[in-house]
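Participant: The lines below spell out each chain.
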Amino acid sequence: MPANRFNGFSEYGVGIGLRVPHYDHIFAEQPIVDWFEIISENYMVDGGRALEILDQILDRYRVVQHGVSMYFGSAQPADREHLKRLKTLTRRTKTPWLSDHLCWGSVDGRYTHDLLPMPYTFEAVRTTAARIREVQDFLEIPIAVENVSSYAEFHQSEMTEWEFLNEVVEAADCGILLDVNNIYVSSQNHGFDPFEYINSVPVERIAQIHVAGHSKFEKYTLDTHDHPVLDPVWGLYARAIERTGPTATLLEWDDNIPSFNEVHSEALKANQYLESSTPPAIPGAVVSSNVTEAVHP
Amino acid sequence: MNLLEFQRRMAEDVMRPLTPDFQMRPTMSDGSSTQARAESYIKPNDQLTSFERLEIYNRQYWFRVTEAVAEDYPALNALLGDTIFSRLILEYLKENPSTSFTLRNLGSKLPQWLEAHPEFANRRQDLTLDVARLEWAYVEAFDGASLSPLMASDFTFLTAESNLRLQPHLQLLDLKYPVDELVLAVHQETSRRDIMSNAVSERKQGSKVRLPKMRRSPIYLAIHRYENSVYYRRLDHEAFLLLIALQNGRPLGSALEAAFVQSSLSPEGQAAKIQEYFSHAAELGWFCKQAENEG
Chain A
868 MPANRFNGFS EYGVGIGLRV PHYDHIFAEQ PIVDWFEIIS ENYMVDGGRA
918 LEILDQILDR YRVVQHGVSM YFGSAQPADR EHLKRLKTLT RRTKTPWLSD
968 HLCWGSVDGR YTHDLLPMPY TFEAVRTTAA RIREVQDFLE IPIAVENVSS
1018 YAEFHQSEMT EWEFLNEVVE AADCGILLDV NNIYVSSQNH GFDPFEYINS
1068 VPVERIAQIH VAGHSKFEKY TLDTHDHPVL DPVWGLYARA IERTGPTATL
1118 LEWDDNIPSF NEVHSEALKA NQYLESSTPP AIPGAVVSSN VTEAVHP
Chain B
463 MNLLEFQRRM AEDVMRPLTP DFQMRPTMSD GSSTQARAES YIKPNDQLTS
513 FERLEIYNRQ YWFRVTEAVA EDYPALNALL GDTIFSRLIL EYLKENPSTS
563 FTLRNLGSKL PQWLEAHPEF ANRRQDLTLD VARLEWAYVE AFDGASLSPL
613 MASDFTFLTA ESNLRLQPHL QLLDLKYPVD ELVLAVHQET SRRDIMSNAV
663 SERKQGSKVR LPKMRRSPIY LAIHRYENSV YYRRLDHEAF LLLIALQNGR
713 PLGSALEAAF VQSSLSPEGQ AAKIQEYFSH AAELGWFCKQ AENEG
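Here the protein sequences come in this chain order: A and B. Each residue of the first sequence is one higher than the one before, starting from 868 at the first, in the numbering used here. Each residue of the second sequence is one higher than the one before, starting from 463 at the first, in the numbering used here.
Don't take every hint at face value.
Each computed DSBU-like pair below joins lysine-lysine, with the alpha-carbon atoms no more than 35 Å apart [to be verified]:
(1) B:Lys751 with B:Lys670
(2) B:Lys675 with B:Lys638
(3) B:Lys638 with A:Lys954
(4) A:Lys1086 with B:Lys751
(5) B:Lys735 with B:Lys556
(6) A:Lys951 with B:Lys751
(7) B:Lys556 with A:Lys1083
(8) A:Lys951 with B:Lys571
(9) B:Lys751 with A:Lys1083
(10) B:Lys505 with A:Lys1086
(11) B:Lys751 with B:Lys571
Hints in this document: simulated from the structure, not taken from any laboratory. Keep in mind that this is a model prediction, so the values were computed, not measured.
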C-alpha cells in the first residue's frame, strides 16, 4: 500500500478504534487486526489499567494515535503540559504518525471539549499552520490533520472548507486524515458537493482515511459514530481511494458499540475498495518500503 | 474581529448555561438577544437559523461536560436523585469550567465545592460530602501513578529518621459514614467510559440502584490500586494516623508517635500493631522508593 512521509512511510490497511467494551474479546480471541487507533487522551494518565492494557496491545498489534484536544486552530499557544504528556505517549506507542482535528476548542485557558469549526480566513490559516508546525517539531513525528463535521458556517470565511484545508496543510507541510463521513455530514449541513471536496484535496498528503456512521435529523445531520457506515459515505470513500490508491483506513464506532466482530466486519468492508484500487503515481509516495510487519498472534 | 476575538465570542456563547429544559437561552445576561448575537457571526441556511446552528454547539457542550462529571459521581447521583444531581452538576460547572485538555480532571473540585453549597445536600451534608470525596478518591486511585514498591526486606534498613513515601495512587479518607458500602453498591452497577472521538453526545440519565441504609459511624479508609483494580480497605485509627503522617512527609519515628499518641495499647500491643501495618503495607506495595530527584 502506498506510504508517504505523512504516515511515516508505513503501509497500514484497515484498522478499528481500540475501545473498552472490546478488551476482553481482543485478549481472549487475539483476532487478526491490521492496526488499532487509540484516542491519545485516554492514555495520557500517570498509571493504572489503561496503560497496562495499552502495553499488552502494543505487544501484539500496531497502534496509531489520534487526538481530540490539540486544537490546532486555537488562536493562543499550545499547552506545554499537554505536549509533554503527548510526547511521552508517542515514545511508548511508537506511533508512525499522529492525527488530530482541524478545529479549535479552547480559549483563555478554558476548554469546551468540542471540535469547533474554524472561520476559513487567511489569518486562521497562518495561525493554524504555525501551531501544527510547532507540534510537529516538538513531537518529532508526522502530523495529519482531520477535517471535522460542522453545523455552522461563518460570515468571516474567505474560502471554502476544502480550500482552507489545502491552504493549511501546504503552509504547515503536514498530512491529512481525510474523514469522508465528516465531509458527507458537512455537505448535508452546508449544501456543498462532497465530491468537489474530495476531488480538490491534495492526495499526496493523505496519510489516513476515517469512515463512520452518522444520523440524519429533520433539519441537520449529526456525526454520531453510532451505527454502520451509510452508502453515500462508502461512495465518497470509493472516490477517495480511487484518487489516493490504497490508504490506511479506520472505522470509528464510538457509541452504542456492538460486538468486536460486528465492528471489525464493518471496517473490513473497506477492503473491497482497497483491493480493487491501484497505487497512483504520486510524487513523494513510496509503493514498497521497509516497514515492520504487524505481529499477529 | 480577529481570530482570538472570534473564538472568545463563540466560546462565551457555547458555554453559556442552557434553559431548564436544555434549550439555548433567548437572551444573554445583559438582556440582549442571543439571536442577534448569533446572526453577527453565524450564517443561517435554508434549514436552520443562526440561532439554531449555535444552539447545536451550546447544547452539545453542556451534554458533554455534564456527562463527564456525572460519570465520576454515580453514587452521588444515586444518593441525591437525578433532579438535584443534575442541578448540582450544572451549578458546579458554571463556576468550574474545564481548564485542562482532558475531561479527566473536570470533577476534581466537586467535593470542595459541595462543602460551600450545602443547599444541594438535602439536609445530609456529611453523607453527601463523604460520598463525593470517596468517588473522587476512586478516580485518583484508578489512574494515579504507581512507583516501585519497597519490599519487606527493605524495611530492615528503616530508622526513626527514615522518610517513607506512599504510592501516589493511595488515597486516605476519614469519613463520617460507612459510604464504602454505598459507593461499592453503585459502582458495581456502572462502568466507566473512555473519551471518544468527535462523535456528539446525547443527554443520559443515571441508572437506579437500591442503596444500603447509612447510619453515622466513622470509618478510616485507604483507597488504593492493586493489580489494576481499585480497592477500599478499612483502617484502624492508629494505622490511618500513621499513614497520614507519612504522607505529610513526617519521618517514621515522628509518624509512629503521632499514630499512638492517644493510644491505650501497651508497648507490646503497639509493636504488634506496627508489625501488622507494615506487613499489610508491604503486601499491598503501599510504601515506595523516593523518586531520584527527591534525594
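Participant: Please verify whether B:Lys556 and A:Lys1083 have alpha carbons no more than 35 Å apart.
Facilitator: holds, 31 Å
Participant: Has the given pair, B:Lys751 with B:Lys571, been kept, meaning a C-alpha gap of at most 35 Å?
Facilitator: Roughly 29 Å separates the two Cα atoms, so the pair holds.
Participant: CA of B:Lys675 to CA of B:Lys638, is that 35 Å or under?
Facilitator: It holds: about 14 Å lies between the C-alpha atoms, which stays within 35 Å.
Participant: Compare the distance between the alpha carbons of A:Lys1086 and B:Lys751 with 35 Å, and conclude whether the hinted pair is satisfied.
Facilitator: Judged against 35 Å, a Cα distance of about 60 Å means the pair is violated.
Participant: A:Lys951 and B:Lys751 were given as a pair; does the straight-line alpha-carbon distance stay at or below 35 Å?
Facilitator: holds, 24 Å
Participant: Below or equal to 35 Å on CA atoms is what counts here, so check B:Lys505 against A:Lys1086.
Facilitator: holds, 15 Å
Participant: What's the verdict on A:Lys951 and B:Lys571, does the C-alpha distance respect the 35 Å limit or exceed it?
Facilitator: holds, 24 Å
Participant: Is the hinted pair B:Lys638 and A:Lys954 satisfied, with a Cα-Cα distance of at most 35 Å?
Facilitator: Given pair B:Lys638, A:Lys954 is violated - Cα atoms ~43 Å apart, limit 35 Å.
Participant: Would the pair B:Lys751 and A:Lys1083 pass a check requiring their Cα atoms to be no farther apart than 35 Å?
Facilitator: Distance ~56 Å between B:Lys751 and A:Lys1083 Cα, so the pair is violated.
Participant: For the pair supplied as a hint, B:Lys751 and B:Lys670, confirm whether the alpha-carbon distance does not exceed 35 Å.
Facilitator: violated, 43 Å
Participant: Against the 35 Å threshold, does the CA-CA distance of B:Lys735 and B:Lys556 hold or violate the hint?
Facilitator: violated, 48 Å
Taken one by one, the earlier hints fail for this structure at numbers 1, 3, 4, 5, 9, listed in ascending order.
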